[in-house]
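There are 4 protein chains.
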Amino acid sequence: MPNALDQACYQLALANRIVAHEGVLDGFGHISIRHPDDPARYLLSRSRSPELVKPSDILEFSLDSKLLTPSSELPYGECVIHGCIYQLRPDVNAVCHHHSMAILPFCVTGVALRPLIGLGATMGGAVPFWDSRDEFGDTPMVVTTPEQGLSLARALGANAMVLMRRHGATVVGATLQETVFRSIFSHRNAELQLRAQALGEIAPLTQGEAALAESYSLRVRPMGRAWEYWTTRLAKAGELPPHEPVVAG
Amino acid sequence: MPNALDQACYQLALANRIVAHEGVLDGFGHISIRHPDDPARYLLSRSRSPELVKPSDILEFSLDSKLLTPSSELPYGECVIHGCIYQLRPDVNAVCHHHSMAILPFCVTGVALRPLIGLGATMGGAVPFWDSRDEFGDTPMVVTTPEQGLSLARALGANAMVLMRRHGATVVGATLQETVFRSIFSHRNAELQLRAQALGEIAPLTQGEAALAESYSLRVRPMGRAWEYWTTRLAKAGELPPHEPVVAG
Amino acid sequence: MPNALDQACYQLALANRIVAHEGVLDGFGHISIRHPDDPARYLLSRSRSPELVKPSDILEFSLDSKLLTPSSELPYGECVIHGCIYQLRPDVNAVCHHHSMAILPFCVTGVALRPLIGLGATMGGAVPFWDSRDEFGDTPMVVTTPEQGLSLARALGANAMVLMRRHGATVVGATLQETVFRSIFSHRNAELQLRAQALGEIAPLTQGEAALAESYSLRVRPMGRAWEYWTTRLAKAGELPPHEPVVAG
Amino acid sequence: MPNALDQACYQLALANRIVAHEGVLDGFGHISIRHPDDPARYLLSRSRSPELVKPSDILEFSLDSKLLTPSSELPYGECVIHGCIYQLRPDVNAVCHHHSMAILPFCVTGVALRPLIGLGATMGGAVPFWDSRDEFGDTPMVVTTPEQGLSLARALGANAMVLMRRHGATVVGATLQETVFRSIFSHRNAELQLRAQALGEIAPLTQGEAALAESYSLRVRPMGRAWEYWTTRLAKAGELPPHEPVVAG
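Taken in sequence, the protein lines are chains A, B, C and D. In this text, residue positions in the first sequence follow this note's numbering: the first is 1, and each later residue adds one. In this text, residue positions in the second sequence follow this note's numbering: the first is 1, and each later residue adds one. In this text, residue positions in the third sequence follow this note's numbering: the first is 1, and each later residue adds one. In this text, residue positions in the fourth sequence follow this note's numbering: the first is 1, and each later residue adds one.
For reference, chain A alone in the conformation it holds in the complex:
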């Protein structure tokens, strides 16, 4: 009978594959969850592409991103993104870092993301920018030190998502499903904004519409309906993760 950790590792592998299959993650990027039994730890795959992640790839980390699982596997170079956010945001239980081709044009130009439709409002009322150059000058454009991770987490603040200039985005949520839902629909809202701004002047949701739509969209029913849809698409493509013993813990 699967325990909480087994289930968490399977769901995390599944989430990695869903977000890749829906075009948000590609060869790089990653999703983590807070450990189901210990809020002072988190779970994240070893360094490999999200659409390949299996339950047995999941490793366990402390919130200062020390690897706790005895393993010779390499973690992602940017695991501090996850650890630092879990430190500063006790309400967050899942983090997705990605470089989607719909979001990146905003990271590269500094144009603000705006909620244009109800599902897009799940990105939250405001999406702040973080620029590694401000505090750290020239870097290899990766977030690898605790100082960088904490700077990013502070820029995220109480929001649901932060855009990283010339780099990508980091998305958070109270649950894994919420982080996946937000990652996919903020990506689609960005794709829509690119198309709409090429056509004419956009008229976004009002603040009131955005707040109501975010609450409406993040209920169990629409999130469950989307999860069934994405999982079925993954299954039809033969891409579900295997059921196998986990190594984390």
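Simulated coverage check for chain C against chain D, where a stretch passes if three residues somewhere in it have a Cβ under 8 angstroms from a Cβ of chain D:
{"id": "1", "region": "117 to 129"}
{"id": "2", "region": "198 to 210"}
{"id": "3", "region": "213 to 219"}
Since the hints were derived computationally from the structure, they do not count as laboratory data. Since the model is a prediction, treat every value here as computed from it, not as a measurement. Beta carbons: idealized from backbone N, C-alpha and C, even for Gly.
Assemble chains B, C and D onto chain A, guided by the hints.
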């Protein structure tokens, strides 16, 4: 030997999958038909993504969107869109509500859709806009009350399609095939308009051309040819709905 | 042992599927060839979507587009496009009529197609426009009468391709392979022109470069290499036409 | 037990298929490697589309592009691109020539490619242009003579990539993996630049960021992670090259 209701449920599941497979519907949106034996009822899937709909998912509703099928399944939150249109439009026998990425830029900017090619003229001579904000102020950007549904149906008027600001589109037709044909080709005309307006100044069909082309395109032969094409593509992808007992009725 | 007509029907079905698989043809549009044994006749499928065409769908027509094959199948409504071009252009042995999403923006705006790369130069030195409105006023935007077909054929003149305002394109060649090659690479050149004009000012090939590149590209080796590529892609997708008795003749 | 040449031919076939599968190469274009045992020779497929290349298609050439393998197969018309670069750049061991739809808009307009994200910085600090017209006037827009090949190699200079006006791009690297990685991520950076410039004013990496990011990205770990990803995607599509005896040598 299948009766009219069995056939209608199968065709409705098929239509949901066709319109999803051709890229107009995604995880959300839905298609309904008027009941083949009783014009005071309509048929619509339980709440699930269109490309997953099976004949056994189809439920029966009164025109004031009361669920008539004994079932514990949840209907779509927006089923009033369908009921209200069937109330005000006795000539309409099928309704599609969607949020296609080609149509949404027009909903977000207020730029008018224009018929650019013969098949695109199936959208009708004019496509009105409806804005929930005008009568209802800030909402979660969904149509869930009879008042909202009737307001939308009035905005649709005698037309074939209505654009919903910051939300999506609703398309109607005399038959299921006509609604599917119109949903797909108005989507493609919108995609063309996005591309053409990025290139230069568009020169749409004249009113006379549009009227002649709409009549020509909505004949049995081109609609049947397209239906064979879409059904074969769905079959090749292994996505035809299963044949199974229906529960509606 | 297959005779010339059997082989021609198979190759024509294959060509329909290749041009559809490469994204130029969709549910509508068609390709014909001149009859291998009688230049006063041509071969064209019955009315169905190009990616579904089989050898047994091919019908035989006189150059005034009378159906010669005893058959109850319906021909395409626009078969006169083919017949009229074969009448006026004895050098032409294959015709493709399509509505590709890369070419249509030019038909809708009147912006001229320009050869931007060597393979795109196969569209020829100039691509004229034809507008049904000029001679025929408001029409359903289809070419169905001999007068319309001859008007289009005159607009094509000695060129390799003609753009039809608010409608699509018609492409011709000395052989079926040449018409296929030209249809696909003019489509790709158009896609490139859309992308390039959105980025900056385009600098097309000189007339001398275009003429040299057209001759170079239409040799046996590059056309054969592309044909092998397209046929293999079709085979891998399980979409090759079946080998079966033909009915034409 | 496979020797170095067998392995090199297999890896080269694999690389051709990866770069095609990721959308950079299409029916035309090619990748070569320097011979593993003799720096005065290089390996390149016979003339066929990259996604079809098998180990037994690989031929051996001298650096002045004389075919050394006894074979009746035709080499690519543009093999001098490879030979001339290997002559002038002893540090280069793999060359990719392509015409990607993301890179071509820059070749057609003369707009400069700029590194926008870390992985895109693998294109190098500067990407020069080469125009065949400058030295050779009107040509068929192919590089087929030693003079043209050397002119292109001189324009490449010490850089990692050169854009060919109205033609395509040529990318080099110290290893096959590096050339593949650079070809794919410079293509993606170009796609991003197209999208970003349509949205607003781009803010590229600083020179310092680009240099640091290039070094960081071209380490063994990220290149290996991407290679596993691309190979797995190819395997899932059933497109890995067959294991078979090679003919080169």
